[in-house]
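2 protein chains.
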Amino acid sequence: MVSHDDAEAVITDSAAGRDYLDLAFEHRLHEVIGQGRVRSDAFAAAYGQLWESLERMATGGKRIRPRLLIGAYEALGGTDARAVVDAACAMELLHIALVIHDDVIDKDLMRRGELNISGTFALEATLRGAHRRDASAWGEASSLLAGDLMLTLAHSLLARMDVPEARRRAALDVFDDAVFESAAGEHHDVWLSLHLEPATLQDVLAMVDQKTAAYSFRAPLLLAAVLAGASATMIEELTAIAREIGVIYQLRDDLLGVFGQESETGKSTLSDLREGKETLLIAYARSDPAWAEVDPLFGDSDLSVEDAARLRTVIEASGAHVFVESLIADRCEHVYALVRRAELPEALRQQLIDVTMTCGSRR
Amino acid sequence: MVSHDDAEAVITDSAAGRDYLDLAFEHRLHEVIGQGRVRSDAFAAAYGQLWESLERMATGGKRIRPRLLIGAYEALGGTDARAVVDAACAMELLHIALVIHDDVIDKDLMRRGELNISGTFALEATLRGAHRRDASAWGEASSLLAGDLMLTLAHSLLARMDVPEARRRAALDVFDDAVFESAAGEHHDVWLSLHLEPATLQDVLAMVDQKTAAYSFRAPLLLAAVLAGASATMIEELTAIAREIGVIYQLRDDLLGVFGQESETGKSTLSDLREGKETLLIAYARSDPAWAEVDPLFGDSDLSVEDAARLRTVIEASGAHVFVESLIADRCEHVYALVRRAELPEALRQQLIDVTMTCGSRR
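Chains as they are written, first to last, in my numbering: chain A, 10 to 372; chain B, 10 to 372.
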């Protein structure tokens, strides 16, 4: 077991520090969820299963947010391993909470090709003889509560950080802002998918910024900055850069959702179309006269593979695909320029450029 | 506007202190939700409406938890008005969050005779032309996010309390425990309502204790105690007393849910029966041979008024009603004995007896 004290000792050795912190993060995340699982033994069996599902869920993941946070913190000269690891765990736990609640909102039973919490619990209840509607309600309730538990655990870690009071409060502000903005973005996303009013390109970009960029890029970078005691100027620069990276990430995500390879993304290229997900890609395609013809297909929850292909053809022919690709390329250039101009440590510059390239070009 | 400094000045005057703190609580609760509403102006219009709904929701309520907390804190000699008001707000915000998420789990559109957040948002979308399924998903998403926001606000207030570190951590522990236990209880409640395994009286009592007593009685009393610096013995005694009061409260609630006057409780006496809510009342009635005959009616979401009356007759004839009433009376006596034996300030003794009587006899 890696104790916090070990982590504190090692962060001063910068060569080994990064890998070490990544490991310490994995250990700590497993530890805090494991504590919940152990405690759940005193409760009903199903509650224990819920915590086991959360342990499994926390094992995978790309760790985008914790890595960004840990890397930035080290580059900015931070030396408190315990604080940065707990902040990284809080960001990952928030991510898990939002993913779980997003699945409840979308009524999804699968994530990345596997049953999610709703799906797992609903299936088990069905096998034990529950009616379909009851089983589905049980799955949803399990997910909803699981999200609440992960959100609470995230807050709990941040509230207990043993750092100077001003930094702790600044970190709490960053985290609360992230929840506030991502809830605003998620709410607007659901609203746009009702199609009760036309969505402008700007609406969609603002929604994407709030829903994803805020907690995935701004919050980890700003948490790293306030915990490392970065200057106000640096925090301002990082805010602008994070905003741009988040939009690039989401634009790529939207393209992958319609044109990606399911074998690589682990996500069906039907679900966004069936859900009627309003993206910049779709907002652009809508302006093409040919859209009218396929409009009824968009958001049809029973959309066939053939009709999805028709939709894709119209989107492609509208120039939307090329438009979004060029927008991604432009934004990447813009980030590189911002990063070059900003007064940042060289290691952080390099990290931001790497993250931008990964977000812009991932498949 | 009542500032925190005013509140701090007044708590030393114990005659006026209690009323003053109740007012300061109302002011502060309105203030923190109002800050969210103001901030939401920078986001989509519907997000502002969501915050307005939360403001309205926070205006009513019986204030059971904040009053218990404030009263106990004063009786225990606490003098930090700012801390106790923020702790009281955190408890009320947690209550609001749990109520909202409970409605999502039960798919309720009404609460206390009015449209809840899901109902309000779904109705508005329907009037604007949304399909029924979309409108309902929009309502649910709004509630789910609203609950997350209130849970976050609760954590946020506690994390920022300006009290000695040991007390702050003890308060955070109490709050986290309350979330952990109420999630366990809610999860078990949904599980029992699937009726996949028989529920013993003990199962139901444990569920009720976790779901309601933990956050409604234990958490407010323990928060008051740790913030006022009460002894470990006193905290132990309060824990036992709170557990008993919580069960009394819930037993009364279950009786009112089936036999209450809708005009007084504001709650339909059909919903618990339609939902198939497992309570001690039902667990007892099930042991009567006559139950078999009405069993299919229990949990029937289309249960008629006539069939509900048949169910009530069987429950009554089984002796369950009398059994639960006598259990409530026994438990009340037990609490009075515990309170008399405990080493507590006289004012707190009186408060606990009053709360117990109110919980035991309310209509």
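Don't take each hint at face value.
Where chains are identical, the list cannot tell them apart; a pair therefore holds if satisfied intra-copy or between any two copies.
[What the hints assert, rightly or not] Heads up, simulated BS3-like pairs for lysine-lysine below, C-alpha to C-alpha not over 30 Å straight-line: (1) K286 to K71; (2) K286 to K116; (3) K276 to K116.
No lab work stands behind these hints, which were simulated from the structure alone.
Keep in mind it's a predicted model, so treat the numbers as computed, not measured.
Okay, the hints, checked on the actual structure:
1. K286 to K71: Classified as within; 23 Å inside a copy, 41 Å across copies.
2. K286 to K116: Classified as both: same-chain Cα gap 14 Å, cross-chain 24 Å, threshold 30 Å.
3. K276 to K116: Both: 15 Å inside a chain and 29 Å across chains, each within 30 Å.
Going through the hint list in order, the structure satisfies each hint without exception.
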